[in-house]
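Chemist: Given the coordinates of chain A, assemble chains B and C onto it according to the supplied hints.
Protein chains in written order, with the UniProt record's numbering: chain A, 1 to 321; chain B, 1 to 374; chain C, 1 to 401.
Please keep in mind that the hints were generated in silico from the structure rather than gathered at the bench.
Just so you know, not all the hints are guaranteed correct.
[Stated by the list, open to error] Here are the simulated DSSO-like cross-link-like pairs (lysine-lysine), alpha carbons at most 30 Å apart as the crow flies:
no., chain 1, residue 1, chain 2, residue 2
1, C, 221, C, 185
2, C, 84, C, 114
3, C, 221, C, 384
4, A, 128, C, 89
5, A, 154, C, 89
6, C, 138, B, 113
7, C, 98, B, 113
8, B, 242, A, 104
9, C, 181, C, 157
10, C, 366, C, 337
[What the hints assert, rightly or not] Here are some chain A residues pointing at chain B (derived, C-beta under 7 Å):
no., residue
11, 119
12, 125
13, 290
14, 293
Ideal Cβ placement from N, Cα and C applies to all residues, glycine included.
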Amino acid sequence: MDNFLGQFGPATVGGLAIGSIYALVALGYTMVYGVLRLINFAHSEVFTIGGFAAVGVFLMVGVSAPVGGFALIGLLLLTVLVAMAASGGTALLLEQVAYRPLRKHGSSRLAALISAIGASLFLQELIKLVIIPHVFGQSNGAIQLQNMPRVIDKTPLFSIGNAPIRLDHVIIVVAAVIMMVLLDRLVNGTRVGRGIRATAQDPEAAVLMGVNIDKVVRTTFLLGGAMAGVAGVLYLLYFENLDYRVGFVVGIKAFTAAVLGGIGNLRGALLGGFVLGLVESWSSIFLGAEWSEVTAFVVLVLVLMFRPTGILGESLQRARA
Amino acid sequence: MTGNKSPLRRAFAPIGAFNDKMRDWWEGANLWVRWAVYLLLIIFALTLLPSPQFATFMMPGSDWVSTLIHPIGTFILLAIGLNVVVGQAGLLDLGYVAFFAIGGYSLAYFGTKYGWNFWATVVVGILLTGVSGIILGAPTLRLRGDYLAIVTLGFGEIVRITANNTDEIGGARGITGVPHPTLPGVEFTLRDAAPYYYLMVGAIVLVIILSRRVEKSRVGRAWAAIREDEDAAELMGVPTFKFKLLAFAMGAVIGGFGGAIWASKVSFIEPGNFPFILSATILAAVVLGGSGNLPGVIVGAFLIAWLPERLRFINEYRILIFGAALVLMMAFRPEGLLPSRRRRAELAEGTGGMGSMGAEVATQTTVEPSEVSK
Amino acid sequence: MAALRPKITRLTGVLATGMALSLALAGCAGNSSDGGGGTGGNASSIKIGFMGDLTGENSGIVIPPLNGAILAFEEYNAKNPKVKIDFNKDLHYDSQGKSDIAPNLVTKAISQDKVTGLIGPAFSGESKSVGKQLDENKIPSVSPSATNPGLAQNGWKYWHRVVANDNDQGPGIADFMMRAKSPKKVLVVSDDQEYSIGLAEALAKAFKDKGTTVETDKFSKDSPNYNPTANKATAFQPDLIAFGGYYAQGGKLLKQLRDAGVKAPFVTGDGSLDAGLVSGAGAQNAEGAVIGCPCKIPFGSVTGPLKDFKDKYKARFNTDPQIYAAEGYDAATAFIKAVEAGKTSGDDINEFLKTLSFEGVSKPIKFKDNGEPQANSIFVYQVKAGQIGLLGDSTQAKLEG
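Excised from the complex, chain A in its bound form (with noise of 0.2 Å):
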């Protein structure tokens, strides 16, 4: 007991951190979920993506010691805004490459999700083989990212408790809900939101009702792409590593947590994403952590045994509800 209680306070900062992470990414497949009842495997990618475009930020503007004050507000401004730029091009180009076509003919989801996966694979190795290479310049078959710039001071600013606090942590759980609200009113309070909200709805409806459906799914893969990315500065910020595979396991995590916050549901996968990252961070000290992800799973399907449609239930119409 002892043990768990010198765990539980520093468990819960880290649950919570990488909850935050899981959200963000979790929003991109709830908003492509809602809108196209599919499955965009590829964001992991997307959110992987967005990580390297940080490491590129902070290399192109030198940082080579840790930063604070103005100038670690303005350089985290930048990151994230070209981060968000380049996650949200890479889901419009996956959009226009891998599932366009495929919408405009009619394709089966099944053929959508092996196109997803197809996307996924080539996004990955199209990192390992092209950009580590030569964007990054490492060379015979380093898979991990060498050298990360460190640019925020990891000593504790503060505790509670026995959990020490520090200012990663909190940068990424406030991010995290700052994106989540801003996207929140951007669906639920604007044209283009009620555009994306009725194609969810019904899209045959929306189209009678004057929607321009291609747009509506293009937004929709920029937002969800451009929140991914923020999730990808975050992920930087806090783990200081990227490998051309990183995705893979937020991204599943990710879509664990938008399920479980029931799918297509915003407030949901933030939701989803904190109970998911506390879940595995206090079960870690029970279990150890070797089954965190077997109890992550087990967690989902316990929750979708006697609450089907999530926590807080499906559908990006009823967001607001």
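Modeler: This is chains B and C only, laid out in the frame that chain A set:
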């Protein structure tokens, strides 16, 4: 149907036309012609296919007969099994590799720990996978398609991680010395791949017969009904849950059978053999070949297993190309290389816009007249 | 489609016919049955293969030994010997470390390429899956880098390696750390990969034998989040953290430990002996980390034969020799010595290896009956100012700082 405009789509037209011609000929063919074809195919598989003349072209970088057993043979077995679940019953399974693993581990565990006879262990392994299919299916098959996908994905990972963390079955070390099969007069050794090859061909033929018989039976028709419209099927009195469970169990059994044969060939089994990407690859094989159509599925599995091994000279780029090929294939020929007519008709019923992607795996209920008439 | 339903009994009849036919024609397929054993006694060249992960994730620790072997064979062939050794690119089998693909490649190596010997397999998993196959076909193999202790216990007569196994590495590292830091509480960490678990178990046992309190932890390699381990370390407050595993995970772990405020010294094994450990953790976090290895890598300034090797390697491959490069060179040299002694068949070479004894670049090479090397010395390295430097033999070296 929309979409015959793009040139790349047209590039596939000859395949489609050839496929249609062959099918027409096949349907009009005499019984004895069909038997002759079956016989020729089997003889081809047993003699010409593994011959050294073929090998130099087919597999310069590795051993052809061994490659025919694994990955080609195993992939074909698994694809036939997954086709029951995905192609026939229309259920999306992203964790199919779990059954492959359970089958392989059953053989390895009981064979090395208790020294059980190969064939007895295969039977036990098949039963175990069938049971695990039901255990997984019972709580999850009531879920909608996509949830099923993610839950099965989770199941695949759970099985792999559990195997990795359980010392009783070797943990991450795996199990060495998995027993070889025993047959009077045939010696299965590591020196000679040929007996395994014949065993694999036998297993594939067996599974094809099984799958074909079931497809043509009441069960197969129930699956088709579920795939096309589950609600309508339920209304028409098809106990959909029971049949979905049956599809799951049957797919599992075939996967387990494949796992057992594979494990006895490689004689060493470790959790790392069962990554998620293998499930995705088998699914890709099924869809690429033509989900629901046995010859298509077999061709798809063959290509997916063979090409990456054959293209070893482009080494590191093979997965990149594989990924791009999947995307292109789905864009220009989503029904697969050799689709069944019925599946293609189902796909053609899609609304062309959002609808079909927004709908379940299979879309509409209308069936081609020729299908109805039989 | 089919209007008529074939009877299952008939189809099985067909199957039986096919089977019978196949047995008659089985010769066609049985192309892999003629076994190895190598070419005849007076061949003008023999083939030696190499197997390991050449393009996959861990190719970083397989390319150096391959290069070492290439260097050795090129030097040998340049001397225009009576029997040359063919080690061309087609004989470098890329298993990608996959234990299910490796047997196919070995079958090809034996039946088509007719190799006489094999350097590798590089890793323990693939070694397990092909060891018996090599043995039955009488192909001697020398692995430059597979360190799993169990490999020597399979009774394989044609199997050898030129590195000490993890059961030597564990106590070697533990002894050294006990002398250097005399810890009371040790946290032994591993991920869920085979190599990692094996080494961590050896470490845990060695530290327990020394009378320290040992706590263990295990994490999943695919998870990016090693914080649970860091939390455990915070709660347990060990005097030393010992990690068994590869540098890819080791670097991340070390970084997350230090970020969580865990200051205990960090020690790890051969899989982490790579600059990737330092760059993965960050130079500051990695400072002072100790790495043990049964291998001797010419980091920094070296003297004697090791310097010669380093210069030649650098001249040939335009990079410093990395992990197991010297071992690859020694494994190749073992085969060269056999051929120089006039042994050209698998059996003869294998017999010769039993009596072989020479001063290798990495260590004196002499095999025990079970294929293990006689010399099982462990070398320790330490990260200083962001660079890994060799401290020396674990029984004599002194820790600085």
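Chemist: Does each hint fit the structure? Answer for all of them.
Modeler: Hints versus structure:
With a C-alpha separation of about 25 Å, the suggested pairing of residue 221 (chain C) with residue 185 (chain C) holds against the 30 Å cut-off. For the hint linking residue 84 (chain C) to residue 114 (chain C), the alpha-carbon distance of about 15 Å falls within 30 Å, and the restraint holds. The hinted pair formed by residue 221 (chain C) and residue 384 (chain C) meets the criterion: a straight-line CA distance of about 27 Å does not exceed 30 Å. For the suggested pair residue 128 (chain A) and residue 89 (chain C), the alpha carbons sit about 24 Å apart, so the restraint of at most 30 Å is met.
Of the supplied pair hints, the one linking residue 154 (chain A) and residue 89 (chain C) is violated, its CA atoms being roughly 48 Å apart against a limit of 30 Å. In summary, the hint linking residue 138 (chain C) to residue 113 (chain B) is supported, as the alpha carbons are separated by about 28 Å, within the 30 Å threshold. A threshold of 30 Å between alpha carbons decides the hint, and for residue 98 (chain C) with residue 113 (chain B) the separation of about 25 Å falls inside it, so the pair holds. Distance check on the hinted pair: residue 242 (chain B) and residue 104 (chain A) sit about 35 Å apart at the alpha-carbon level, beyond 30 Å; violated.
Our distance criterion of 30 Å between C-alpha atoms is broken by residue 181 (chain C) and residue 157 (chain C), whose separation comes to about 41 Å. Restraint check for residue 366 (chain C) and residue 337 (chain C): the C-alpha separation of about 12 Å stays at or below 30 Å, so the hint holds. Taking 7 Å as the C-beta cut-off, the interface hint given for residue 119 (chain A) holds, the closest approach to chain B being about 5 Å. Annotation: residue 125 (chain A) was flagged as interfacial toward chain B, and the flag holds, the nearest CB pair being 4 Å apart, inside 7 Å.
Annotation: residue 290 (chain A) was flagged as interfacial toward chain B, and the flag holds, the nearest CB pair being 5 Å apart, inside 7 Å. Given the 7 Å rule on beta carbons, the hint for residue 293 (chain A) holds: about 6 Å separates it from the nearest Cβ of chain B.
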